[in-house]
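Position chain B relative to chain A; hints supplied.
Going down the list, the protein sequences come from chains A and B. Count along the first sequence starting at 1, add 151, and that's the number in our numbering. Count along the second sequence starting at 1, add 151, and that's the number in our numbering.
If you're looking for bench data, these hints aren't it; they were derived computationally from the structure. Keep in mind that the hints are not guaranteed to be accurate.
When chains are identical, the list treats them as one kind, so a pair holds in a single copy or across two.
Here are the computed lysine-lysine pairs in the DSS-like style, where the Cα-Cα straight-line distance is at most 30 Å [to be verified]:
| # | residue 1 | residue 2 |
| --- | --- | --- |
| 1 | Lys534 | Lys376 |
| 2 | Lys373 | Lys439 |
| 3 | Lys439 | Lys534 |
| 4 | Lys439 | Lys376 |
2 protein chains.
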Amino acid sequence: VTHFGALAERINSTRLWDRHEQLATFGATSRGGVNRQALSNEEFAARRQLLTWAEPLGLTPTHDPAGNLFFRYPGRNSDLAPVLCGSHIDSQPTGGKYDGVSGVLAALEAAEVMRETGLVPERPIEIVAWMNEEGSRFAPGMMGSEAFARVRPLDAIRAVRDANGVMAGDELDRLFTVFPEIPVRPLGFAAAAFVELHIEQGPVLDAARIPIGVVSGIQGKKTYKISVFGEEAHAGTTPRSARRDALRAAAAMIDTLHREIVDADDVVRFTVGRVNVEPNAPSVVPAKVSFSVDLRHPEGEMLDGFALQLERVCTELAAPCTADVERLVDAPPLTFASELRDLIRETADRLALQAIDLPSAAGHDARNLNTVCPTAMIFVPCKDGISHNEAESVLATDLVAGTKVLAEVTAQLASR
Amino acid sequence: VTHFGALAERINSTRLWDRHEQLATFGATSRGGVNRQALSNEEFAARRQLLTWAEPLGLTPTHDPAGNLFFRYPGRNSDLAPVLCGSHIDSQPTGGKYDGVSGVLAALEAAEVMRETGLVPERPIEIVAWMNEEGSRFAPGMMGSEAFARVRPLDAIRAVRDANGVMAGDELDRLFTVFPEIPVRPLGFAAAAFVELHIEQGPVLDAARIPIGVVSGIQGKKTYKISVFGEEAHAGTTPRSARRDALRAAAAMIDTLHREIVDADDVVRFTVGRVNVEPNAPSVVPAKVSFSVDLRHPEGEMLDGFALQLERVCTELAAPCTADVERLVDAPPLTFASELRDLIRETADRLALQAIDLPSAAGHDARNLNTVCPTAMIFVPCKDGISHNEAESVLATDLVAGTKVLAEVTAQLASR
Chain A
152 VTHFGALAER
162 INSTRLWDRH
172 EQLATFGATS
182 RGGVNRQALS
192 NEEFAARRQL
202 LTWAEPLGLT
212 PTHDPAGNLF
222 FRYPGRNSDL
232 APVLCGSHID
242 SQPTGGKYDG
252 VSGVLAALEA
262 AEVMRETGLV
272 PERPIEIVAW
282 MNEEGSRFAP
292 GMMGSEAFAR
302 VRPLDAIRAV
312 RDANGVMAGD
322 ELDRLFTVFP
332 EIPVRPLGFA
342 AAAFVELHIE
352 QGPVLDAARI
362 PIGVVSGIQG
372 KKTYKISVFG
382 EEAHAGTTPR
392 SARRDALRAA
402 AAMIDTLHRE
412 IVDADDVVRF
422 TVGRVNVEPN
432 APSVVPAKVS
442 FSVDLRHPEG
452 EMLDGFALQL
462 ERVCTELAAP
472 CTADVERLVD
482 APPLTFASEL
492 RDLIRETADR
502 LALQAIDLPS
512 AAGHDARNLN
522 TVCPTAMIFV
532 PCKDGISHNE
542 AESVLATDLV
552 AGTKVLAEVT
562 AQLASR
Chain B
152 VTHFGALAER
162 INSTRLWDRH
172 EQLATFGATS
182 RGGVNRQALS
192 NEEFAARRQL
202 LTWAEPLGLT
212 PTHDPAGNLF
222 FRYPGRNSDL
232 APVLCGSHID
242 SQPTGGKYDG
252 VSGVLAALEA
262 AEVMRETGLV
272 PERPIEIVAW
282 MNEEGSRFAP
292 GMMGSEAFAR
302 VRPLDAIRAV
312 RDANGVMAGD
322 ELDRLFTVFP
332 EIPVRPLGFA
342 AAAFVELHIE
352 QGPVLDAARI
362 PIGVVSGIQG
372 KKTYKISVFG
382 EEAHAGTTPR
392 SARRDALRAA
402 AAMIDTLHRE
412 IVDADDVVRF
422 TVGRVNVEPN
432 APSVVPAKVS
442 FSVDLRHPEG
452 EMLDGFALQL
462 ERVCTELAAP
472 CTADVERLVD
482 APPLTFASEL
492 RDLIRETADR
502 LALQAIDLPS
512 AAGHDARNLN
522 TVCPTAMIFV
532 PCKDGISHNE
542 AESVLATDLV
552 AGTKVLAEVT
562 AQLASR
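Just chain A, with the same shape it has in the complex (with noise of 0.2 Å):
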């Protein structure tokens, strides 16, 4: 038997930077970043490395048929549900080295002193990479935490197409041809946990210098398509009275929104980030203007709050165009297990790593594994909160920390 910490004094710093280096070098652009979108050769080099690392720890490896790859560490009791354990290794185009890959890395260094312990643990841990989590090439993604947990039917992920045309499911047949030794299983299996590290994305770890957030869950996200009809006509003719002018309506919006979605606390989110406006000429009146909401907040019923707000003030703003509200994305706030929670929090403590907990404002596969087992996450700090971009930036220091409590959690829920 391992006692605890002993995980975690073995956690090897070098062996754990140098796997982020040598990953980093699967798409790696010009400026420090990584281009590696899911299913592209790119990402298929990296997933080679990661079967290259796994085969002597004598990790099993498996596909499903939503191109998710697992390593398996085997427990002492083959028939109990594993406790699962990973990320993604797919980027956003201009991405950095860490988003999503930390978390597969660190699961991968767990294994590895697990191995070098001797630990046999009662339950076996499955490490994943999910596949296309970005959704970058393949919108939206966490396609195959999605798949994997019935949240989306396979066949509908298997229909999507990126800017080529080229389908995700001509892909994923590409991916078993091109590692037929790794076995498909079926989709989806129970699961008795999924614990995630990622970077923070966010700067509040980085600020506070504190190496391990608990994240307590994920903020509730609303996303629209507002869509205002108005009708084109000569700038210099038509008069004002005459005019039905669709930016006109949508300034009117986007201002109104800016000021009435707001909170003293500042934790609502509100963003319209893209605009397009059609014809798009100096001299005529926009005939059609369509904005995007991002709307975000913690608490489901604030959330629902402002949504109602934001359909109000789009319908009462239109005249004398029309404006159509249509709502895109309606995932609710979400809040992991307590008991994982409490679980991470102890662990940080007992290995003396300052710890806090903190809601995650992005999205994760996290969410969609929630829905089907006690999931968990651990944050980690990047730079400046910075992420997204190629100068993501992490600290070695911090990536162990989280990777000692990852390897102590797993273990003992494997132990359960």
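Chain B in isolation, oriented as in the chain A frame:
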């Protein structure tokens, strides 16, 4: 001596209408419009057609170095400054059959009936087709009249390139090669007056069913590019207080300007027609927004006042972003010579044609001619004010009415 009304009663509606149809075959589009851009082969072919019509009338063709095409109807005293009369035959890429063309064909029809009645005016009359009014191929437009009036140096005009990199100067040289029989006269000459018939390109005359518009002048126009500079940020993580949202500031500006740049009489024209957002992604706080402003008013003082208001609003509402207000066009309002406007109004009255005064909302070659000689414009109605559009539509009776006034006005001017 031809008595008043003798020209008007001879205007040949069928000939005038058929020539519009025939000229529309050069660059005809499948949707009933015209794509006959400046100095293109299609425009050269249309010039050739004008020559064919002018020849039996004994009109003498000349080019000037700016590619303006003149046809001289001789007067008793060839030393006197001629009366200029015409418009342009180039079109927008999806233009109509009447914009510009009507002014040239009306002048040609006037020459037809002058010849038929044996009119020999005191002064010569020069019918003109100005080079590149539209500016869609070589931007900006009104090149021929700008060169003629010395508003812009010919060298600068010759240096302009189209989207394929072809220089206007090379196309001018090609014009002179294609038409070696047309002598090239020196650029610019003293003119006694310029009269341009044109479709209104606005709804006033058509709505009131009045055939003749006595154009009071051209409203002033200022255009701007406003650039707002903020900072890219993550829509899910960055609190409102830490954002510098370029779109939030731009929306406030556009909304405020739409509420402030108004007048009781609905005369000012304020348009934001183009908005560009960077990076224009739904989950990224916009880092940069630029938008166009098109501001017009017939009175210079009012226009300047609104312009000051525009700059103040953009400056005041920029924080926490910064804003840059760049003025692109500054064309002051212009009033045409009152003696010519009186003459047009009286002529219409004597011909029992209903006429009203109205300003031109759009720019015309007459703007440039007004800087070198007494200038006036006659508007005729176009359906629903639609122009710069393949659906441009005009009634033959309105064209005839306008041509009657043009012929009688030109004859009177040439007799002075």
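Hint by hint, here is what the structure shows:
1. In this assembly of identical chains, the alpha carbons of Lys534 and Lys376 never lie at most 30 Å apart, being 32 Å within a copy and 36 Å across copies at closest.
2. Taking identical chains as interchangeable, the C-alpha atoms of Lys373 and Lys439 lie at most 30 Å apart whether they share a chain (23 Å) or sit on different chains (24 Å).
3. With identical chains, the CA atoms of Lys439 and Lys534 are at most 30 Å apart between copies only, with a shortest distance of 24 Å across copies and 40 Å within one.
4. When the C-alpha separation of Lys439 and Lys376 is checked against a cutoff of 30 Å, the pair qualifies both within a copy, at 13 Å, and between copies, at 20 Å.
Of the numbered hints stated above, the single one contradicted by the structure is hint 1.
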